[in-house]
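> With the hints as constraints, model all of the structure from the sequences given.
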Amino acid sequence: MGLDFSVIPKYLDVVMMGAVWTVAITVAAALLSFFGGIVFAVIALYAPKFVRLPFRAFEWLFMGTPLLLQLFLIYFGLVQIGIDLPAFVAGVIGLGLHFAVYNSELIQTAILAVDKGQMEAARTLGLSRGQALKKVVVPQAVRDVIPPIGNNMIALLKDSALVSVIGVSELTLSAQLAIGRTYRPFEFYVLAAVFYYIINLGMEAVLRRIERKVQAAR
Amino acid sequence: MDVELMLKVYPFFLKAAWVTIQLSVLTTILGLICGSLGAAARLSRLRILRIVGAAYVSFIRGTPALIQLFILYFGGPQVGIQLDAFEAGVIGLGVNIGAYMTETIRGAIIAIDKGQAEAARTLGMSRYQSMRYVILPQAARLMIRPLGVNINALIKGTALVAAISVIELTYTAQRYIGSTYKPFEMFFISGVLYMIIIYVTGRGIAWLDRRARIV
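Top to bottom, those sequences are chains A and B.
Heads up: the first sequence is residues 0 to 217, going by numbering that gives the first Met the number 0.
Heads up: the second sequence is residues 0 to 214, going by numbering that gives the first Met the number 0.
Everything labelled a hint here was simulated from the structure, so no lab data went into it.
Just so you know, even glycine gets a beta-carbon here, dropped at the ideal spot from N, CA and C.
A hint or two may mislead.
As the list claims (entries may be wrong) - Stretches of chain B that chain A covers, calculated by requiring three or more beta carbons in the stretch to come under 8 Å of a beta carbon on chain A:
{"#": "1", "segment": "64 to 70"}
{"#": "2", "segment": "145 to 159"}
{"#": "3", "segment": "190 to 202"}
So, in structure tokens, the structure goes:
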């Protein structure tokens with residue numbers, strides 16, 4: 000059949016629209032996974048036992064199974080219990096929760112690594128336990144793990160391709176749409192790969208800036 | 000939970016788990032081959048090989064594995080590569096994880112103290128001998144754990160081949176969710192099987208790591 004890249008311009012806007020959606024879903028899921036990760040870490044370390052143990056099981060389940068399987072569970076499972084979410088929202092929740100669990104692991108380790116004196120000093124100054132966590136311990140812990148969290152966010156961008164299978168019309172699905180019309184899979188998947196690569200480079204640049212800012216704030 | 004249904008369908012999941020295991024093992028082998036070649040290229044004295052190695056790692060790690068799989072499986076026939084879904088899955092995932100393993104292996108090699116190579120060269124060993132008898136035996140111990148992390152990711156990554164219709168665990172779960180409308184039950188069976196595979200692999204790697212310790 001051979002290759003013919005001249006079909007690309009006609010469908011370029013479709014694929015670019017998909018790229019915009021990929022950025023949107025990545026940013027939304029990244030924010031969810033970041034703040035979710037902080038909340039999860041605090042729950043895993045400080046919640047009462049009857050919350051903590053089932054929660055640990057949930058974390059374990061999420062870390063031990065593939066994201067694709069979790070996406071199927073969330074998308075079809077929520078429908079079964081009567082919550083009919085748009086595919087985009089289900090995708091954001093699935094990606095966000097999955098990476099929140101990974102971020103939570105990082106943040107937990109970092110919280111435990113913050114000097115005990117910080118908590119004691121904050122308590123001595125009259126802060127409650129919750130306040131001390133929120134204002135003193137957690138911010139320091141999160142700052143320490145910004146670079147590895149950044150790596151997770153890069154992984155999240157690439158895994159966002161998976162939400163195409165539950166019907167979110169992001170970059171991968173847009174490429175498939177163009178392929179359905181032109182029967183040129185090689186050209187359009189390569190085009191999608193190029194877009195992912197560019198988004199990836201952009202994201203790395205943004206993460207480096209954030210890292211530098213955080214370093215400077217120390 | 001509909002236990003009766005679960006008892007009825009679990010044999011199909013066991014069969015699918017066997018496919019997932021085969022995929023994982025073959026992908027690991029191919030990944031280690033690609034990773035070793037990639038690390039050798041990135042550490043080579045030849046500039047061109049270093050560039051090729053760096054480009055391999057950058058492109059593979061900069062794009063989604065799913066897209067790589069699609070280029071190979073759906074796009075392959077256009078450039079004369081005809082593969083069935085299972086073969087495409089193994090090759091696509093193996094080349095993909097190979098890029099991550101390249102960095103793991105390279106990281107372990109450059110973590111070995113420079114003095115080791117210098118001492119070996121001073122003793123009259125060739126560059127090859129110093130790598131073979133001094134650096135690699137030490138680096139190999141360092142890479143077991145991080146390679147274990149790669150393999151753990153790879154096992155979960157095999158779920159991607161469900162998208163090109165290889166009948167493995169995730170594909171089977173998806174199909175039964177579609178036909179029974181029992182997502183939680185199907186997730187539970189496949190999730191338990193994935194976790195068993197990952198747990199056993201993790202124990203194996205921890206055992207290897209303990210055996211490889213010098214002290």
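> Are three or more residues of the segment 190 to 202 of chain B within 8 Å, CB to CB, of chain A?
As far as the segment 190 to 202 of chain B goes, the hint holds, because 5 residues have Cβ atoms under 8 Å from chain A.
> Three residues or more, CB to CB closer than 8 Å: is that satisfied between the segment 145 to 159 of chain B and chain A?
Since 5 is at least three, the answer is holds.
> How does the coverage statement for the segment 64 to 70 of chain B fare against chain A, requiring three or more residues with Cβ below 8 Å from a Cβ of that chain?
It holds, with 6 qualifying residues against the three required.
Going through the hint list in order, the structure satisfies each hint without exception.
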